[in-house]
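In our numbering, the protein residues as written are 1 to 170.
Where hints are given, some of them may not hold.
Label pairs and their computed distance ranges (CB to CB) [stated by the list, open to error]:
id : residue 1 : residue 2 : range
1  : G23       : I94       : 37 to 47 Å
2  : F91       : S20       : 28 to 38 Å
3  : E100      : E67       : 31 to 41 Å
4  : G23       : H90       : 16 to 26 Å
Derived lysine to aspartate or glutamate pairs resembling EDC-like cross-links, with alpha carbons at most 16 Å apart [what the hints assert, rightly or not]:
id : residue 1 : residue 2
5  : K12       : E73
6  : K12       : D88
7  : K12       : D89
8  : K12       : E100
9  : K12       : D45
These are calculated hints, taken from the structure and not from any lab test. All values derive from a computational prediction rather than experimental measurement. Each residue gets a CB set at the ideal place from its N, CA and C atoms; glycine is no exception.
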Amino acid sequence: MEVQDIQYDGFKISARILVSPEGGSLRLDRRLIPSVDVSIGLFADCERGTVPSIHTERFFPPQNRAENLMVLEPGYWYGTTVHFMPFDDHFTGIGPECVEATLRLHAFDGGVVVRERIRAVRPPSPDGGARKDGWPEIDWDALLDGGTQEDGGTQDTPDAGSLAIPPGSR
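Throw the hints in and build the complete structure from the sequences for me.
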(Lines of atoms letter the chains of each structure in order from A and count residues from 1; the text may use other names and numbers.)
(Lines give C-alpha, C1' and ligand atoms only; values in the text may rest on other atoms or scores of the structure.)
Protein backbone atom coordinates (compact mmCIF):
# COMPACT_ATOMS: atom_id res chain seq x y z
CA MET A 1 0.00 0.00 0.00
CA GLU A 2 1.26 3.46 -0.89
CA VAL A 3 -0.03 6.56 0.87
CA GLN A 4 0.13 9.88 -0.98
CA ASP A 5 -1.10 13.47 -0.63
CA ILE A 6 -1.66 13.46 3.14
CA GLN A 7 -3.68 16.52 4.23
CA TYR A 8 -4.44 17.56 7.82
CA ASP A 9 -6.24 20.67 9.06
CA GLY A 10 -6.32 19.96 12.79
CA PHE A 11 -9.66 18.16 12.57
CA LYS A 12 -9.69 16.01 9.42
CA ILE A 13 -6.99 13.79 7.91
CA SER A 14 -7.25 12.76 4.26
CA ALA A 15 -4.90 10.69 2.15
CA ARG A 16 -4.80 8.96 -1.20
CA ILE A 17 -4.17 5.24 -0.83
CA LEU A 18 -3.01 2.98 -3.63
CA VAL A 19 -2.99 -0.80 -3.31
CA SER A 20 -1.17 -3.45 -5.35
CA PRO A 21 -0.67 -7.01 -4.11
CA GLU A 22 2.85 -8.44 -4.20
CA GLY A 23 2.60 -12.18 -3.60
CA GLY A 24 -0.81 -13.25 -4.84
CA SER A 25 -4.27 -11.92 -5.49
CA LEU A 26 -5.99 -9.70 -2.94
CA ARG A 27 -9.74 -9.74 -2.24
CA LEU A 28 -11.05 -6.23 -1.45
CA ASP A 29 -14.34 -4.41 -1.19
CA ARG A 30 -14.17 -2.15 -4.26
CA ARG A 31 -15.78 0.70 -2.28
CA LEU A 32 -12.80 0.97 0.14
CA ILE A 33 -15.05 2.50 2.81
CA PRO A 34 -13.16 4.59 5.41
CA SER A 35 -13.28 3.09 8.93
CA VAL A 36 -14.37 -0.26 7.43
CA ASP A 37 -12.03 -1.25 4.59
CA VAL A 38 -9.40 1.36 5.42
CA SER A 39 -9.13 2.22 9.10
CA ILE A 40 -6.96 4.59 11.09
CA GLY A 41 -5.65 4.25 14.61
CA LEU A 42 -2.73 4.51 17.03
CA PHE A 43 -2.62 8.29 17.09
CA ALA A 44 0.33 10.07 18.68
CA ASP A 45 1.41 13.68 18.93
CA CYS A 46 4.68 13.97 16.94
CA GLU A 47 6.25 16.29 19.53
CA ARG A 48 5.25 14.66 22.81
CA GLY A 49 4.65 11.09 21.72
CA THR A 50 1.50 11.03 23.81
CA VAL A 51 -1.81 9.88 22.48
CA PRO A 52 -4.17 12.89 22.33
CA SER A 53 -7.86 12.67 23.14
CA ILE A 54 -9.45 11.20 20.04
CA HIS A 55 -13.05 11.52 18.90
CA THR A 56 -13.88 8.17 17.27
CA GLU A 57 -16.56 7.56 14.69
CA ARG A 58 -19.01 4.80 15.51
CA PHE A 59 -21.42 3.45 12.95
CA PHE A 60 -22.68 0.18 11.57
CA PRO A 61 -20.75 -0.76 8.44
CA PRO A 62 -22.65 -1.99 5.41
CA GLN A 63 -22.58 -5.73 4.79
CA ASN A 64 -20.16 -7.21 2.30
CA ARG A 65 -21.95 -8.17 -0.89
CA ALA A 66 -20.65 -10.29 -3.72
CA GLU A 67 -21.10 -7.44 -6.23
CA ASN A 68 -18.62 -5.34 -4.21
CA LEU A 69 -15.92 -8.02 -4.23
CA MET A 70 -12.87 -7.10 -6.27
CA VAL A 71 -9.95 -9.46 -6.84
CA LEU A 72 -6.80 -7.44 -7.40
CA GLU A 73 -3.94 -9.27 -9.09
CA PRO A 74 -0.21 -8.47 -8.73
CA GLY A 75 0.90 -5.67 -11.06
CA TYR A 76 -2.47 -3.90 -10.93
CA TRP A 77 -3.21 -0.89 -8.72
CA TYR A 78 -6.42 0.29 -7.11
CA GLY A 79 -6.97 3.33 -4.93
CA THR A 80 -9.10 6.08 -3.51
CA THR A 81 -8.90 9.12 -1.24
CA VAL A 82 -10.04 8.47 2.32
CA HIS A 83 -11.09 10.99 4.98
CA PHE A 84 -11.08 10.60 8.76
CA MET A 85 -12.25 13.00 11.50
CA PRO A 86 -10.22 12.14 14.63
CA PHE A 87 -10.77 15.56 16.23
CA ASP A 88 -13.77 17.84 16.50
CA ASP A 89 -14.64 21.24 17.98
CA HIS A 90 -16.96 19.96 20.68
CA PHE A 91 -15.24 16.88 22.15
CA THR A 92 -11.52 17.28 21.56
CA GLY A 93 -10.86 20.72 20.13
CA ILE A 94 -8.29 21.19 17.40
CA GLY A 95 -5.66 18.46 17.17
CA PRO A 96 -1.92 18.91 17.66
CA GLU A 97 0.24 20.50 14.97
CA CYS A 98 1.57 17.09 13.96
CA VAL A 99 0.12 13.60 14.38
CA GLU A 100 1.35 10.14 13.59
CA ALA A 101 -1.13 7.37 12.91
CA THR A 102 -1.42 3.94 11.37
CA LEU A 103 -3.59 3.26 8.32
CA ARG A 104 -4.82 -0.33 8.05
CA LEU A 105 -6.14 -1.98 4.89
CA HIS A 106 -8.72 -4.71 5.48
CA ALA A 107 -9.38 -7.56 3.06
CA PHE A 108 -12.92 -8.42 1.95
CA ASP A 109 -13.23 -10.87 4.86
CA GLY A 110 -12.23 -8.13 7.35
CA GLY A 111 -8.69 -9.23 8.19
CA VAL A 112 -5.91 -6.63 8.19
CA VAL A 113 -3.59 -7.20 5.21
CA VAL A 114 -1.23 -4.24 5.58
CA ARG A 115 -0.43 -1.40 7.98
CA GLU A 116 1.22 1.87 6.97
CA ARG A 117 2.51 4.51 9.39
CA ILE A 118 1.73 8.10 8.34
CA ARG A 119 2.73 11.53 9.62
CA ALA A 120 0.47 14.54 9.07
CA VAL A 121 1.34 18.18 9.78
CA ARG A 122 -1.31 20.89 9.81
CA PRO A 123 -0.70 24.33 8.30
CA PRO A 124 -0.22 27.26 10.72
CA SER A 125 -3.92 28.20 10.48
CA PRO A 126 -6.46 25.36 10.12
CA ASP A 127 -8.51 27.36 7.61
CA GLY A 128 -5.62 29.13 5.88
CA GLY A 129 -6.97 32.47 7.08
CA ALA A 130 -10.10 32.23 4.91
CA ARG A 131 -13.62 32.42 6.24
CA LYS A 132 -15.27 29.00 6.37
CA ASP A 133 -18.58 30.24 4.95
CA GLY A 134 -17.00 31.88 1.89
CA TRP A 135 -18.60 35.28 2.53
CA PRO A 136 -16.53 38.46 2.80
CA GLU A 137 -16.10 40.19 6.15
CA ILE A 138 -18.79 42.78 6.88
CA ASP A 139 -18.05 46.08 8.59
CA TRP A 140 -21.08 46.09 10.89
CA ASP A 141 -20.41 49.60 12.23
CA ALA A 142 -20.52 51.05 8.70
CA LEU A 143 -23.56 48.91 7.92
CA LEU A 144 -25.49 50.22 10.92
CA ASP A 145 -24.46 53.82 10.16
CA GLY A 146 -25.98 53.54 6.66
CA GLY A 147 -22.69 53.66 4.75
CA THR A 148 -22.16 52.38 1.22
CA GLN A 149 -21.53 48.84 0.02
CA GLU A 150 -17.92 49.80 -0.76
CA ASP A 151 -17.24 50.82 2.82
CA GLY A 152 -19.04 47.78 4.26
CA GLY A 153 -22.43 49.43 4.74
CA THR A 154 -25.63 49.54 2.75
CA GLN A 155 -26.90 51.44 -0.23
CA ASP A 156 -30.17 53.33 -0.24
CA THR A 157 -31.27 51.65 -3.47
CA PRO A 158 -31.29 47.87 -3.58
CA ASP A 159 -29.32 45.98 -6.19
CA ALA A 160 -28.21 42.39 -6.52
CA GLY A 161 -25.78 41.50 -3.78
CA SER A 162 -26.32 44.56 -1.59
CA LEU A 163 -27.55 44.65 1.98
CA ALA A 164 -30.27 47.21 1.30
CA ILE A 165 -32.61 48.86 3.77
CA PRO A 166 -36.19 48.32 2.57
CA PRO A 167 -37.99 51.55 1.50
CA GLY A 168 -39.97 53.14 4.32
CA SER A 169 -38.11 51.29 7.08
CA ARG A 170 -35.97 54.28 8.15
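How the hints compare with the structure:
One distance hint, 37 to 47 Å for the beta-carbon pair G23 and I94, holds here, with the actual separation near 41 Å. Between F91 and S20 the beta carbons are some 37 Å apart, a value that agrees with the proposed interval 28 to 38 Å. Roughly 36 Å separates the CB atoms of E100 and E67, a value that falls within the hinted 31 to 41 Å. Remark: the range hint 16 to 26 Å for G23 to H90 is contradicted by a beta-carbon distance near 45 Å.
Between K12 and E73, the direct Cα distance comes to roughly 32 Å. Violation of the 16 Å bound is thereby established for this hinted pair. At roughly 8 Å between alpha-carbon atoms, K12 and D88 fall within 16 Å of each other, so this suggested pair holds. In summary, the hint linking K12 to D89 is supported, as the alpha carbons are separated by about 11 Å, within the 16 Å threshold. With a CA separation close to 13 Å, the supplied pair K12 and E100 stays within the 16 Å bound.
With a CA separation close to 15 Å, the supplied pair K12 and D45 stays within the 16 Å bound.
In summary, the structure is inconsistent with hints 4, 5 from the numbered list given earlier, while agreeing with the others.
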